[in-house]
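Undergrad: Work the whole structure out from these sequences, hints included.
The residues making up each chain are set out below.
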Amino acid sequence: MINKSEVQHIATLARIGLDEKEIDKLSKDLSGILNWVEKLKEVNVDGVEPTAHITGVNNISREDRVGDFENKEGIKKLFPEEKDGFDKVKSVL
Amino acid sequence: MLHDKCFMIRELHEKLINKEISAVKLAEDYFAVIEKKDKEIFAYLTLTKELALEQAKKVDEKIARGESIGILEGIPGAIKDNILIKNIRATASSKILDNYIAPYDATVIKKLKDSGAVFLGKTNLDEFAMGSSTENSAYGPTKNPHDLERVPGGSSGGSAAAVAGDMAVWALGTDTGGSIRQPAALCGVMGLKPTYGRISRYGAIAMGSSLDQIGPIAKTVEDVAIVLSAIAGEDKMDATSARSADKKYEDYLTGEVKGLKIGVVKEYLENLNPEMKEKMEEVIEKFKKMGAEIKEVELPFAKYSLPAYYIIMPCEISSNLARYDGIKYGMRIDDQETSKVKADGLPKTLLETYLDSRKYGLGSEVKRRIMLGTYALSSGYYEAYYLRAQKVRTLIKKDFEKVFNPSADGVDLILTPTTTTPAFKIGEKTEDPLKMYLEDIFTVTANISGVPAISIPCGKIKVDNSEMPVGFQLMGKWFDEENLLRAAHAFEIM
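Protein chains in written order, with the numbering used here: chain A, 421 to 513; chain B, 867 to 1360.
One thing to keep in mind: the hints can contain errors.
Claimed, not checked - Across the chosen pairs, the derived CB separations fall in these ranges:
1. A/K441 / B/A1274: 47 to 57 Å
2. A/E493 / B/D980: 17 to 27 Å
3. B/K885 / A/D504: 47 to 57 Å
Please keep in mind that the hints were generated in silico from the structure rather than gathered at the bench.
The structure displayed is predicted, hence computed values, not measured ones.
Just so it is clear, CB atoms sit at the ideal spot from N, CA and C, and this is done for glycine as well.
TA: Structure follows, in structure tokens:
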């Protein structure tokens, strides 16, 4: 069971603002889903390696070289707030 | 008007080179049908008429100059709105990307542009591809062309409905747990989820990165194969795309399945409702008649695919969707109303911007999955949920390795239904998320294990007053799309 204060805690971690109604619903929904995935506990996974990625490739390397992106204007246009060609962010301190 | 009959890519190609129709006229015809039908169906979010006519004109000029054209040149298709086309809006059906204009082409789009295909528009989906009915779109649901009161399936519901409604010859979808195959089945068309790694995901808006694949939806297996040939291949922009030979998959459609071994899982068939069971038995009989060998197989861990998926997928989502924060692009809401939420080390103005942008920009299913993933990855729960699910994933993969192992008398393909029922009514499953999640029960295993899988129409079932299409699924060995498509095609033409 995920109670309302846990929902609020997770929402803060996930940076999602929620209203009271959403918190209620999520507390119910998440509890239901987590209860259902409990099924996985039936499986004996002792000594089993986890699979993060199915094809087993790892560490694809390439030369570390700077490339030019040809549509910088297209990216700048997407900034919610632009100043002097930079994306203006909120104060982080 | 072309739409008295639906044409396959090859037929349209012949018509183009014989100058029976121009590529511009062909595109215009499709836009005329879209205009007529899509007010009701709502398969498209954005029409790309200007781009389409410009692309078509180039093809016509080539034909006029007497140059030869490729099989896809001038053939109109639709693109799911979570795949980027440069300078075209890409919303992923989310309000948070309402104003997002793609600054670059996805690799599949670049490849399709190179093959001369024509893009009619961007299709509707469940927000960020999260759902099985297209009802989670922030712009409203798509309707099933076979019955407008029913869902087209999802999340690639717009793409499947566009093809089924004769509003595109082919379409691209994405499939994380069944999002190409389930809507294809419910709309009565073909849908292929290729092997994980077969196609570059660069420029596809990420959902679950270890599960997502782009794939084609079309009316025939040959059309699916033609589009696959155009978009497959390794890409330096996607490290998970696999090295592979440049193949023409349409060349493998021999019409023969003699000697091919097809596995069936007994429990899957036993638990079906009678109508669906009958359909599956007909499919099996047909394959037997064609000379395929039907063999019972066991996938003992496959039943854990869905719960494992509902841990792995939300975990990947919670990480992938962290980028939608109101800072870099997309919707920003910063009314700075006090939410009483505090996070250590974050100034209030920044925190409130994150909270509000995501609160108003994201829909409820997206929030639910981010929350679920954040919980499962949070300190103290990681091992119990995420790590355990990844270990179960290993066991499921081993199931497939065993069943497909040629030296242990393994099979070439596995046959299952695509869904348990035909399309359900709009609104029928929106209240209880678990009910909706169960839609993926047969399809999700292919994403967990990474194998390629295709949904093939196998007739209709009567529900209420409608005859609704259903489909069956074939799963193949990793990177063996050839045999998968060959068997699907043989079934289709028999």
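Undergrad: Looking back at the numbered hints, which does the structure fail to meet, lowest number first?
TA: none
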